Amino acid sequence: MTNQEIAKTFWRLADLMEIKGDNPFKINSFRKAARVLENITEDIESICQEGRLQKVPGIGKGIAERISQLVNTGQCQDYEELKKTIPSGLLEVLSIPEVGPKTVQLVWKKLNITTLNQLEEAVKKHKLRDLFRMGEKTEKNILRGIEFLSRRKGRLLLGDAYPLAEQVVNALKGHPQVQKISPAGSLRRYKETIGDIDILVTSSHPQEVMDTFVALPQVKEVLARGPTKSSVLTNLNIQMDLRVVEKESFGAALQYFTGSKEHNIKLREMARGKGLKISEYGVFKGEKKKVAGGEEEEVYAALNLPWIPPELRENLGEIEAAKGGRLPQLVELSELKGDLHIHSNFSDGACSLLELVEKAKKKGYQYIAVTDHSQSLKIANGLSEERLLKQIEEIKKINKRLFNFKILSGAEVDIKADGSLDYPDEVLRRLDLVAAAVHLGFKQTKEAMTERIIKAMRNENVDVIAHPTGRLINQRDEYKLDLERLFEVAKETKTALEINAYPERLDLRDIHCKRAKEYGVKLTISTDAHQESQLDFIKYGVATARRGWLEKEDILNTKDVEELLRWLKGR
DNA sequence: GCCGTTTTCGGCCCGACTGTTTTCAGTCG
Numbered sequence: 003m004t005n006q007e008i009a010k011t012f013w014r015l016a017d018l019m020e021i022k023g024d025n026p027f028k029i030n031s032f033r034k035a036a037r038v039l040e041n042i043t044e045d046i047e048s049i050c051q052e053g054r055l056q057k058v059p060g061i062g063k064g065i066a067e068r069i070s071q072l073v074n075t076g077q078c079q080d081y082e083e084l085k086k087t088i089p090s091g092l093l094e095v096l097s098i099p100e101v102g103p104k105t106v107q108l109v110w111k112k113l114n115i116t117t118l119n120q121l122e123e124a125v126k127k128h129k130l131r132d133l134f135r136m137g138e139k140t141e142k143n144i145l146r147g148i149e150f151l152s153r154r155k156g157r158l159l160l161g162d163a164y165p166l167a168e169q170v171v172n173a174l175k176g177h178p179q180v181q182k183i184s185p186a187g188s189l190r191r192y193k194e195t196i197g198d199i200d201i202l203v204t205s206s207h208p209q210e211v212m213d214t215f216v217a218l219p220q221v222k223e224v225l226a227r228g229p230t231k232s233s234v235l236t237n238l239n240i241q242m243d244l245r246v247v248e249k250e251s252f253g254a255a256l257q258y259f260t261g262s263k264e265h266n267i268k269l270r271e272m273a274r275g276k277g278l279k280i281s282e283y284g285v286f287k288g289e290k291k292k293v294a295g296g297e298e299e300e301v302y303a304a305l306n307l308p309w310i311p312p313e314l315r316e317n318l319g320e321i322e323a324a325k326g327g328r329l330p331q332l333v334e335l336s337e338l339k340g341d342l343h344i345h346s347n348f349s350d351g352a353c354s355l356l357e358l359v360e361k362a363k364k365k366g367y368q369y370i371a372v373t374d375h376s377q378s379l380k381i382a383n384g385l386s387e388e389r390l391l392k393q394i395e396e397i398k399k400i401n402k403r404l405f406n407f408k409i410l411s412g413a414e415v416d417i418k419a420d421g422s423l424d425y426p427d428e429v430l431r432r433l434d435l436v437a438a439a440v441h442l443g444f445k446q447t448k449e450a451m452t453e454r455i456i457k458a459m460r461n462e463n464v465d466v467i468a469h470p471t472g473r474l475i476n477q478r479d480e481y482k483l484d485l486e487r488l489f490e491v492a493k494e495t496k497t498a499l500e501i502n503a504y505p506e507r508l509d510l511r512d513i514h515c516k517r518a519k520e521y522g523v524k525l526t527i528s529t530d531a532h533q534e535s536q537l538d539f540i541k542y543g544v545a546t547a548r549r550g551w552l553e554k555e556d557i558l559n560t561k562d563v564e565e566l567l568r569w570l571k572g573r
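Here our numbering runs 2 ahead of the position in the first sequence, where the first position is 1.
Keep in mind that the hints were calculated from the coordinates and are not lab data. What you are looking at is a predicted structure, and each value in this text was computed from that prediction instead of being measured. Some hints here could point you the wrong way.
Unchecked claim - Lysine-lysine pairs mimicking DSS-like chemistry, simulated, CA-CA at most 30 angstroms apart: (1) K182 with K290; (2) K541 with K222; (3) K524 with K445; (4) K493 with K399; (5) K22 with K263; (6) K268 with K222; (7) K290 with K325; (8) K268 with K290; (9) K10 with K22; (10) K22 with K112; (11) K22 with K139; (12) K457 with K516; (13) K448 with K339; (14) K364 with K398; (15) K139 with K249; (16) K279 with K263; (17) K104 with K263; (18) K263 with K231; (19) K571 with K399; (20) K139 with K111; (21) K86 with K129.
Claimed, not checked - Have a look at the derived ranges for each label pair, beta carbon to beta carbon: (22) L356 with E553: 30 to 36 angstroms; (23) E453 with K139: 56 to 62 angstroms; (24) Q51 with N401: 51 to 57 angstroms.
Don't be surprised by glycine CBs; every beta carbon is placed ideally from N, CA and C.
Based on the provided sequences and hints, a complete structural model is requested.
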């Protein structure tokens, strides 16, 4: 059973218990555990077999026992029992926004509703009106929630949400009554997908700012409008909340609304122990005495902590690291000297070599590696050996004319099903940088896929494994792969692993980056750009690296060009 | 169910907004 499957069981178990009306703290502990399990890169099955489960924070005797059942029998007893008593359609009903466990139970027990369709029908026939605390507005909210669910597939990609937030922030920045402004929430933490967008401003005239906000062209519908908070639905079908706070509370509010929830809960628990109380208005001692609030740094300082970068705020060890003075010096966008995975119009890219160089120079880079597809990837116009050699010659010519900039000849070489590569070694040897990747035959067993990629890594010409897990967010799961083994061999063979910055990929993902670093593996951050504007995706790759605790020295393309070439040759 | 430089028992983050209410429950983040 995979880690994600085990975690999912606990999420569902918690939902079922909630519908049943079980102890909320118990439910919470299952959700906490589910989240911890999702963020483990090691196989939970092995942790279980080695008896190390209870060493994982949030997992005690009870949950360890349930995991052990899942691993050994594929089932967990109380989950199976709950499934028998609670109709499975109610889980979908529970997923409707504004419909919580109490409402689910009410319509189930009073109206015998067990599916989303039944609920929709009942609402339309006004059957909910007779129930306690159910009126016209609630009817409308439920119908809107159902429509929202049917339209939305998963969370929005960071690469879609970020530009939208940027537009809105820039529009409001120009407003004369706006003083400070910042995005908050998962967007500020650069999570790979975004559930809704939070924006925070300070203003002495909140009303006017709200007026401007709800009238923006990106707004499709106004959902709520209070004096300090407005919610709208944007044209990308994602909710956006604007909050106006006092200048004296901006830091506390920013800290609070940036989250994550788990990070904040941990901080509040710490604050409690020190006789402090943290809210979005500030840090308070005793009843009313405010000790911090204007700046985010003050909030952390009140707990004797250094400021923690938003990308780390997931309660995955960052608070303990901050306490012990062990926070990493996270890699910065400005430290990148080049992009090592780009497609040109030789294969399926849109731009010529020169156009790519122009854009890269504008970004302040010293080099790019052009890595077009190899011959067997016909659908992407992969380069035959002959065309690749031609490209190498062309790049040599261009390099002679360039000043303070270098194109590296590269390729994104297919790793075939048997682990062999799509060009012979004598061709690969002529390239500055070889990125190897899997594009076909995803359905192999875990063992076969692991051996396939390891075989490629053992080819001394291969420098980088591109998008190592092959996932496409919201579209395709990663292929089955023993990542721990991959990290081991990457370290041993000095093969770098890529952080692919393309918003659908972000592969390796954050938690894998962290684990790779623990093995001492080097990484690259590259865009996989197919047109020049996509070179700007690099920020999402840097954010992923930062979420994975990576520092400058972990990333190959923070090196100068000579240093990088020396590293590539010296492997 | 988990956890412990106040605790192995008794807590478990905190507040806004909405809708349906004459004082608050439910939901959300």
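Item to check | Pair hint K104 and K263, alpha-carbon separation not exceeding 30 angstroms | outcome: Distance of about 22 angstroms is within 30 angstroms: holds.
Checklist entry - CA of K139 to CA of K249, is that 30 angstroms or under? => result 35 angstroms, violated
Item to check | Straight-line alpha-carbon gap K524 to K445, limit 30 angstroms | outcome: Answer holds: K524 to K445 is near 28 angstroms, not above 30 angstroms.
Checklist entry - Is K22 close enough to K112, meaning Cα to Cα at most 30 angstroms? => result 14 angstroms, holds
Next on the checklist: Looking only at beta-carbon atoms, does the pair Q51, N401 fall within the given range of 51 to 57 angstroms?
Outcome noted: 54 angstroms, holds
Item to check | Hinted pair K279 and K263, Cα distance within 30 angstroms | outcome: 16 angstroms, holds
Checklist entry - Between K182 and K290, does the CA-CA distance stay at or below 30 angstroms? => result 25 angstroms, holds
Next on the checklist: Between the alpha carbons of K86 and K129, is the straight-line distance 30 angstroms or under?
Outcome noted: Given pair K86, K129 holds - Cα atoms ~27 angstroms apart, limit 30 angstroms.
Checklist entry - Taking 30 angstroms as the top limit, are the C-alpha atoms of K457 and K516 close enough? => result 24 angstroms, holds
Checklist entry - Does K10 pair with K22 here, judged by a C-alpha cut-off of 30 angstroms? => result 18 angstroms, holds
Checklist entry - If you check the beta carbons of L356 and E553, does the distance land in 30 to 36 angstroms? => result 34 angstroms, holds
Checklist entry - Can the restraint linking K364 and K398 be considered satisfied, given a maximum Cα separation of 30 angstroms? => result Roughly 21 angstroms separates the two Cα atoms, so the pair holds.
Comparing the model with each numbered hint stated earlier shows that hints 4, 6, 13, 15 do not hold.
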